[in-house]
Amino acid sequence: MKERFQSILSKATDSLEAAKLLAEQGYYDFSASRAYYVMFYAAEALLLARGLSFSSHAATIANYGKEYSKTGDMDRKFHKYLIAVQDLRSQGDYSYGPGVSASHAKEALSWPQNF
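Start counting at 1 in the sequence shown, then tack on 456, and there's your number in the working numbering.
One thing to keep in mind: the hints can contain errors.
DSS-like, lysine-lysine: derived pairs with alpha carbons at most 25 Å apart [said to hold, decoys possible]:
(1) Lys-467 with Lys-522
(2) Lys-562 with Lys-458
(3) Lys-476 with Lys-522
(4) Lys-536 with Lys-562
(5) Lys-476 with Lys-526
It should be emphasised that the hints constitute simulated quantities derived from the structure, not laboratory data.
Since the model is a prediction, treat every value here as computed from it, not as a measurement.
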């Protein structure tokens, strides 16, 4: 389990660096998507630390809320940020209209910094 935990955290770290680089280059849709994965991987690692693993993103996010936000083990704002950045990811990945704005992408990058 320790190896998987470290692997997930490594993916989160790499995703954060990629998100920053993408934002610097003006690729805000893709930056928001990577910012989502930073937080998703962190939530996945936290759940794994409690012996929990889920096969879908929705289940991971819901159970992160149940295990960490509702119990007060982590600030509830992080669960809200995770849901908000998931919405930005969907907008960036699946919308063919106006994408994620620079300000939204930069805001999304600030959320995982303290997660």
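(request) Output the numbers, in ascending order, of every earlier hint that fails for this structure. (result) The structure breaks hints 2, 3 and 5; every other hint is satisfied.
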